[in-house]
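Undergrad: Given only the sequences and the hints, what does the whole structure look like? Please build it.
2 protein chains.
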Amino acid sequence: MKTALRALCASITLLCVAPAVRADDKDVIEYRQHIMKTLNEQAAVVGQILSGAVPDDNVISHLDALALTASTALKAYTPKVPGGEAKPEVWSNWPDFSKRMNEFAKMTADMAKTAHEQGKDAALAKVVDALSCKDCHDTYRKEKAKK
Amino acid sequence: MKTALRALCASITLLCVAPAVRADDKDVIEYRQHIMKTLNEQAAVVGQILSGAVPDDNVISHLDALALTASTALKAYTPKVPGGEAKPEVWSNWPDFSKRMNEFAKMTADMAKTAHEQGKDAALAKVVDALSCKDCHDTYRKEKAKK
Numbered sequence: 702m703k704t705a706l707r708a709l710c711a712s713i714t715l716l717c718v719a720p721a722v723r724a725d726d727k728d729v730i731e732y733r734q735h736i737m738k739t740l741n742e743q744a745a746v747v748g749q750i751l752s753g754a755v756p757d758d759n760v761i762s763h764l765d766a767l768a769l770t771a772s773t774a775l776k777a778y779t780p781k782v783p784g785g786e787a788k789p790e791v792w793s794n795w796p797d798f799s800k801r802m803n804e805f806a807k808m809t810a811d812m813a814k815t816a817h818e819q820g821k822d823a824a825l826a827k828v829v830d831a832l833s834c835k836d837c838h839d840t841y842r843k844e845k846a847k848k
Numbered sequence: 702m703k704t705a706l707r708a709l710c711a712s713i714t715l716l717c718v719a720p721a722v723r724a725d726d727k728d729v730i731e732y733r734q735h736i737m738k739t740l741n742e743q744a745a746v747v748g749q750i751l752s753g754a755v756p757d758d759n760v761i762s763h764l765d766a767l768a769l770t771a772s773t774a775l776k777a778y779t780p781k782v783p784g785g786e787a788k789p790e791v792w793s794n795w796p797d798f799s800k801r802m803n804e805f806a807k808m809t810a811d812m813a814k815t816a817h818e819q820g821k822d823a824a825l826a827k828v829v830d831a832l833s834c835k836d837c838h839d840t841y842r843k844e845k846a847k848k
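Chains as they are written, first to last, in the numbering used here: chain A, 702 to 848; chain B, 702 to 848.
Keep in mind the hints are simulated off the structure, nothing from the lab. Any given hint could turn out to be false.
Any copy, or any two copies together, can satisfy a pair, since identical chains are not distinguished.
[To be verified] Quick list of in silico lysine to aspartate or glutamate cross-link-like pairs, EDC-like style, CA-CA up to 20 Å:
| no. | residue 1 | residue 2 |
| --- | --- | --- |
| 1 | 814 | 786 |
| 2 | 788 | 726 |
| 3 | 788 | 811 |
| 4 | 776 | 758 |
| 5 | 807 | 786 |
| 6 | 814 | 758 |
| 7 | 814 | 836 |
| 8 | 827 | 726 |
| 9 | 845 | 786 |
| 10 | 807 | 797 |
| 11 | 781 | 822 |
TA: Listed below in structure tokens is the structure:
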């Protein structure tokens, strides 16, 4: 969490001198990467729970966190800033990309709502549909460069 | 998100053959790492917002996601499984560790509540106290091996 803390400390200083918000390209790319990494971590947790690798005590909070984070994702792509793993098609096919992102937000929200109203088993039955990440990644995400 | 998808696909198969939940050590360590990485990503986002690097449109959702994830963290450490970056002191000083984790969950929950009730500026004023990650990391987290 050192990076986060460093950002936080820098931010407190900056807060006093830079009231105007202007996201430069690096910041925009980092912001959406933080969101996608959060989704990745929380989806992995749900995968662990589904497989029985870890207990499901926290599952409703994880589904809530997924839904919340999904709700923030589209906004992070609104600045037209290619870079990172995002293909240019994100912006050239914006109507399709945004439709898919909105659908993702809607389905994860529905899954979280189901967890609260009908319990975790009913919610987890919706995981495969709600977290169909691969389709979108195949179209809009570059393959990572091999290290 | 490939790892998550892979876990998810594996999980669907496993779900049919392994109804009993028994977390082995690797799973336990991975689970808490997913949670801590989520906290790291969301704290970094809050840092970006505080510094004015990115707009604050999503800030309440990010604070909610932080609070939710913080609420899941202590549970992930209850199995006494040293490994990863967790020092053995997590378990040998459990009363102190769990007190700090509960305090962290409480303060992030309070910050999220403040955001909903009094607005984002009032909430962000609480960031430094709520996200005082370093103290705990200095005591309970091993330095990462340099790559």
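Undergrad: For each hint, tell me whether it holds in the structure or not.
TA: Hint check results:
{"no.": "1", "hint": "814 with 786", "in the structure": "neither (31 Å within a copy, 34 Å between copies)"}
{"no.": "2", "hint": "788 with 726", "in the structure": "within (15 Å within a copy, 38 Å between copies)"}
{"no.": "3", "hint": "788 with 811", "in the structure": "neither (28 Å within a copy, 39 Å between copies)"}
{"no.": "4", "hint": "776 with 758", "in the structure": "between (31 Å within a copy, 8 Å between copies)"}
{"no.": "5", "hint": "807 with 786", "in the structure": "neither (24 Å within a copy, 36 Å between copies)"}
{"no.": "6", "hint": "814 with 758", "in the structure": "within (17 Å within a copy, 23 Å between copies)"}
{"no.": "7", "hint": "814 with 836", "in the structure": "neither (24 Å within a copy, 36 Å between copies)"}
{"no.": "8", "hint": "827 with 726", "in the structure": "neither (36 Å within a copy, 28 Å between copies)"}
{"no.": "9", "hint": "845 with 786", "in the structure": "within (7 Å within a copy, 26 Å between copies)"}
{"no.": "10", "hint": "807 with 797", "in the structure": "within (15 Å within a copy, 40 Å between copies)"}
{"no.": "11", "hint": "781 with 822", "in the structure": "neither (39 Å within a copy, 27 Å between copies)"}
Violated hints for the displayed structure, listed by number in ascending order: 1, 3, 5, 7, 8 and 11.
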